[in-house]
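Protein chains in written order, with the working numbering: chain H, 1 to 170; chain L, 1 to 917; chain C, 1 to 437.
One thing to keep in mind: the hints can contain errors.
[Stated by the list, open to error] Quick list of simulated restraints, FRET-style, between CB atoms:
1. Asp214/L <-> Ala64/C: 52 to 60 angstroms
2. Pro30/H <-> Phe11/L: 38 to 46 angstroms
3. Ala838/L <-> Pro12/H: 18 to 26 angstroms
4. Trp235/C <-> Arg82/H: 50 to 58 angstroms
[Said to hold, decoys possible] Over 12 angstroms on every C-beta distance to chain L, these chain H residues come out as not near it, computed from the model:
5. Thr13
6. Gln17
7. Ala73
8. Gln159
9. Gln160
To be clear, the hints were calculated from the coordinates, so they are not data collected in a lab.
Glycine included, every Cβ here is placed at the ideal spot set by N, Cα and C.
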Amino acid sequence: MWTGDCVSDLIPTLSEQELAAIDAEIAHLPYRAAAAIDALKIVQAHRGWVSDDSLRAIASHLRMSADELDGIATFYNLVYRRPVGEQVILLCNSISCWIKGCDKLQQTIGERLGVGFGETTADRRFTLLPVPCLGACDKAPVMLVGEELHENVSGELLQQLFGAPAQEGS
Amino acid sequence: MPVIHIDGRAFAVEAGGNLLETCLSLGMDLPYFCWHPAMGSIGACRQCAVVQFRDENDEHGRMVMSCMTPVTDGARFSLSGERAARFRKTVVEGLMLNHPHDCPVCAEGGECHLQDMTVMTGHRDRVYRGLKNTHRNQYLGPLVHHEMNRCITCYRCTRFYVDYAGGTDLAAQASHDHVYFGRQTDGVLQSEFAGNLVEVCPTGVFTDRTLVYDYTRKWDLQSAPSVCAGCAVGCNTIPGERYGRLKRVHNRFNAAVNGYFLCDRGRYGAGFVNSERRLLYPGLRNAEGRYDALDHRAALQHLQRACSGARLAGIGSPRASVEANFLLRELVGADHFAPGFSTRQQALVELALRLRRDSRAALPDIRGIESADAVLVLGEDVTNTAPRIALALRQSVRNEAFALAAELQLQPWQDEAVRTLAQDRRSPLYIAAVGDTPLDDVAAARVSLAPDDIARLGLAVAASVAGAPAAHEGERTPALAAQIAAALTAAQRPLVVSGTGSGSGAVMEAAAQVSEALCAAGKAAMLCLALPEANAMGQALLCGPGALDLAGLTARAASGDIDTLIVLENDLYRRGPRAEIEGLLAACRHVIVLDGMDNATTSAATLALPAASHIESEGTLVSLEGRAQRHYPVFQPPAERYPGWMWLLACMKELERTEVRELQHFDDIIRACAARIPALAGITAAAPDHHYRNAGVRVPRQPHRYSGRTAMHADLSVHEPQQPVDEESPLAFSMEGLNRDQPGALLPFVWTPGWNSNQGVFKFETAVGGPLRGGTAGARLFEPGAGVTATAAFAPFAAQPGTWQLVPRQRIFGSDELSALSPGICELVQPGYLELCAADAASLGVGSGDGVTVGDDLATLEVRVNDTLVPGCAGYAEGHAGTANLAPLARVSLRRAPQWQRHSAQLIGSDGGGGHV
Amino acid sequence: MNSATADLDRPLTRNVRPDRAPTDMAAYEANGGYRGLRRAIGELSPADCLQIIEDSKLRGRGGAGFPTGMKWSFVPMQDVSPGPKYLICNADEMEPGTFKDRLLLECDPHQLLEGMICAAYTIQADIAYIFIRAEYHRAARLLREAIAACRDKGYLGNDILGSGYSLSIHVHASAGRYICGEETALINALEGKRAIPRAKPPFPQVSGLWGRPTIVNNVETLCNVHHIIERGADWFRSLGRTADAGTKLYGVSGRVKNPGCWELPIGTPVREIIEDCAGGMERGYRLRGFLPGGGSTDFLTPEHLDLAMDYDTIGKAGSRMGTGTMIILDDKTCPVAFVGNLMAFFAQESCGFCTPCRNGLPWSSQVLQDIEHGRGQPVDMDTLERQVEFSGTIGNTHCALAPGAMEPLASALKYFREDFQRHIDERRCPWCDGGRG
Ligand SMILES: Cc1cc2nc3c(=O)[nH]c(=O)nc-3n(C[C@H](O)[C@H](O)[C@H](O)COP(=O)(O)O)c2cc1C
Ligand code: SF4
Ligand code: FES
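With the rest of the complex left out, here is chain H (with noise of 0.2 angstroms):
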């Protein structure tokens, strides 16, 4: 590359611990860009997001161009380059939760959080985003809360989950 300049930018580094679970996973690979989903998950669980800065830390640990490590982030749903809230809730939009009326419930909680599929709430807590069939369908319908699966969703739990409906969500 022609402009193999010796005065590159700063690369941003990584923790400790993310480093050392990212080694873990490039120990049982062949090649170091092999443990690039690995890496994004890693970073991403510790630092809520995979932000430009962390991308190109982690393409440079890998070895490997942001260019391309970024081709793989943004392939992948669950790889967030914007910043999500404290928790994701992933609202399943797939076909028998919609048969029982996901579409009805995404109303509700985005009302009672004031927030529409991939939007994050303004205290940062929650953000809403719709995933493909979450493989409970016989429990429809189901949203998973962090890493919690929600079955039957109903009102009650809404309630539990996220307190009381706003007010003029009436």
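Got chain H; can you put chains L and C with the ligands on it based on the hints?
Same frame as chain H, but now just chains L and C with the ligands:
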């Protein structure tokens, strides 16, 4: 040969191909997008669909992608069947959903493969009512323009950029119908071959940025077959002109030299032709030291006066044509003619020619290089000195993959499958250089060594190939030498690459020894030596060994032996220390400079004559492969700017020199040169002479749809201008004529009915990827010899505290004079610098960005710490501003330059021209 | 029915408890676990195992029903080029309406591991991966624990049970995307790349993960392997009610009284599954149609209720058994909106590689939205038909995603055409906004 049946007709076809390329080779019009003749098939676009039948009783058949379907004996296909045709039409319809239909303002318009395929498939009516996706475009640097909305997601860009050319800073992003091809953030594309995206992209996502802002449609471009003057590889080009301006350069297919691709120096490096700094009129220096403009008659009279009865000397140019150099040499006499290299460079080029002519090893063309299954690169940073060859070397390492694929009956064109199978298994490529090179990523191993040690490594490899114990006394790399020797010996077609780039003759001698040893061991070895500049080989052949060099000429001038010095297309200030050049020019009463550019040398001329560039003139250049190739004027130069050969011929006629009495035409000069110089006898075969007619007519420079010829200059004059008549070539400055099946050297542009883009080149090829129907352009001037003699051992490099050995480091943008002045590239050229390893930098108390003074004020340059450099060696950016005083391999002292400040932008070469316009 | 025979009849779910608590190593072994493994590794050669699996007529449970033994037999056993071989368990379950692998993963992780070790032994794989979808956090955790337990027991690691055979299993959690379930896309994902399917040939059996021979099998497929090895091919073949062999996890979701997932003999009639297991339709809902095996299978209608749920019977009826998990279309749900929901999913999940899928699916999705929301035009029916042919024909696309995506649409146009037409004619959805009653 397998026989296949297409729509009921039987065809005997080449085995091993895919159906798409087979159909195209048969001359059929089968649409496609993602397939590329040099990059194979991936089956993404689904545009090339045909129906395949099991047997003659199968009436239904199934849809297959022709690009993914091997031709096998007895196979039955339908191209024209309703179902396949309907599918292909719907594919275009699908691709057009999000396409902006912005053809009127798109730089690709008129040569757009997407337009062609849309017409070919018959898609016309838009049914889709949805919204279109839109994307944000990126700034990708001054060369390539990005317009993502036009993308049809064929993946050709990343397949070229990443898979083929080894780039890392372009990638497919996102997914489904949001796929985006770009960088992580805006920024200059880093590949030396990025410009090929412009031709590889089938629509207007990637276009020439330099064209976008000075735009002309392809159909309005006048063009002619040309040869890149950027380096000694001699890639074939098609420059296009309108309104007297060079608009852009495209690749001209040559199976032996450049295939489908150019490097960015070649694509963008001819833009200097439009420079404001180019000379239009002869200038005579007056008493105040300023220049008076003359017409050519007056100029010739001055020339005649300065030359008649004077003791003449001439300095030619390794970037000027064989013919111009030949005439100057005739004018001043062989004994008074220096070919125009720096003294040191001249010795290296002469040596390279001798080695290359003597060596038994084959002299590979680009196909040979790509076929190499083991490569040793000694001392040469090929990417920066002979870029197109580096791209070929990058393909050579894939031969291991092809061999693995063959075991599974996979064809090389099954691109993704072959890459998947091979992973990172590559044919061995070893690099020994003074520091890192852009090919390192595909090298099995690379070492940094001082030039002397590179030569020693080479000799050790040669000895090891010959079966002698590899370990020389004090050897730094005995194990590596044995490893390289083993790899080369195990290969079928080993290749050794070296060249003048390291500044060391020993390195080239060692390279020749390695290939010699391989030949002796019965291998079909190849040897490729890179040379500086476009016609270096031609100069070496013209002048022969032991020609007068710059030092010799300077000495003569100093002793008052030269009255009149004629300099041809050569800025001498780039050839030696400033003081010496100044002394030389001052010592001659008349300094006549023929050059297109206002530069330090023209500024020192007593008479300056504007010379046409290679884009505006005919001429022969001899590539590093020893291939003589002809370029033709794309357009007639303006005002009093004429080709060098024309000035010199006129001058000799003015002087009534008998040897030119019979010479009228350019062809006459070629013949005279071929007759006078046995080594150049073959140049007549480089291209047909001006009598050639294609089926009775000339070859046109303008496509059929060239528009506004009579109105183009109506703002200046309403009189219809007469079209220039080309008396020197079979080409016409006209759209009348025939552009089909003529010799390859005469391919002025690629256009054929239904194929307005460069994709139509297959119609000019004997078969897809094969040589042009009219024959491959150019003529090889010599073939391998009987063998090189043994070389004495070299002493190892010894670092001496307090001194450094200067080693040249080249840059694709900046090391070459004229390309660096071209729009786009000039933004990428950096000021001169000096590379040091970290320890050496520390010992001088400097770091990157600090200044360092070389020797006794030879130069003060910015330091770059590069830890791949050998301790004791200092790499300087050859050809860059401020480095003209530095000679390769010189031992110099270095010291920190305390007052030094980084220059923001510096012009390279001899900045600050004189007062011409 | 005593529990021993129940075990024999329902080998896959015998350890599944009503509360769905996971079966740990002790419980698993207590119920005869790792016997198949001991038999395979202790008594049989890889070739023996392959023969048993071939004889058993086990077919892949991932959707396509490809004979498992035949697939394995393509792995070169005397591979001359150096390098490992791989086994991959496809636990990416993301097909809309499919919820069977989750059950196996969460309730009985050891069953999968035992099956995998036997399968890996058969093809002499060096490393095995479980590619599990990102959202199955619990299953991934249980699998990791189970793998550790196996290592402690010597069922995994070097020199398994003193046989000289070594294997390690790694769990790779995906980062989300349906296309990762396609086996070659999965391999690319496992390599850390964009999950674009690969061209076939070469098939993964010869050039898969990192260019090496690789077998990809579905969770349910692998869970059968050690049972077959332990009890024999004849036993397995005898389990099926029709020509197909073994049991199958069948599921029903939608407006039925008792949605769920059950292990039944393969070839059980649809009616039994819907009416007996799922308890029939919810009160007030009538069955209009069903997708027999997940979101990418063709609709069948009440007239098909008595068909046997096996690969060939359902195939002949114009659909596919797919994953065996049915989705019910009731009379209060708009078929256009139903198909529209699926199409939006598939369009979103297209990898973006080939044109008919990347551009065809969003186009179909847009037309379906238009029709559903009363913006349909007469030409749209023609457009949909064209799209079905364009993206829905095998061979037109690079992988099977788009043809699968088109199956519900194609069959809906066949069975529910008048509903589409009514939307267009009435310029509104006859059900209501949102398409559900
Ligand atoms: C788009 C697409 C998605 C798929 N998703 C899955 C999946 O989630 N799980 C699965 O086991 N097979 C899936 N498959 C099928 C696999 O490609 C493959 O055929 C299967 O894993 C093979 O396993 P089997 O032979 O055991 O059935 C999918 C196929 C396609 C085309
Ligand atoms: S059908 Fe084509 S675009 Fe769709 S998922 Fe398969 S390869 Fe990707
Ligand atoms: S050219 Fe054949 S699929 Fe693109």
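Status of each hint after checking the structure:
no. : hint                                     : in the structure
1   : Asp214/L <-> Ala64/C: 52 to 60 angstroms : 56 angstroms, holds
2   : Pro30/H <-> Phe11/L: 38 to 46 angstroms  : 44 angstroms, holds
3   : Ala838/L <-> Pro12/H: 18 to 26 angstroms : 23 angstroms, holds
4   : Trp235/C <-> Arg82/H: 50 to 58 angstroms : 54 angstroms, holds
5   : Thr13                                    : 18 angstroms, holds
6   : Gln17                                    : 25 angstroms, holds
7   : Ala73                                    : 9 angstroms, violated
8   : Gln159                                   : 36 angstroms, holds
9   : Gln160                                   : 35 angstroms, holds
In summary, the structure is inconsistent with hint 7 from the numbered list given earlier, while agreeing with all the others.
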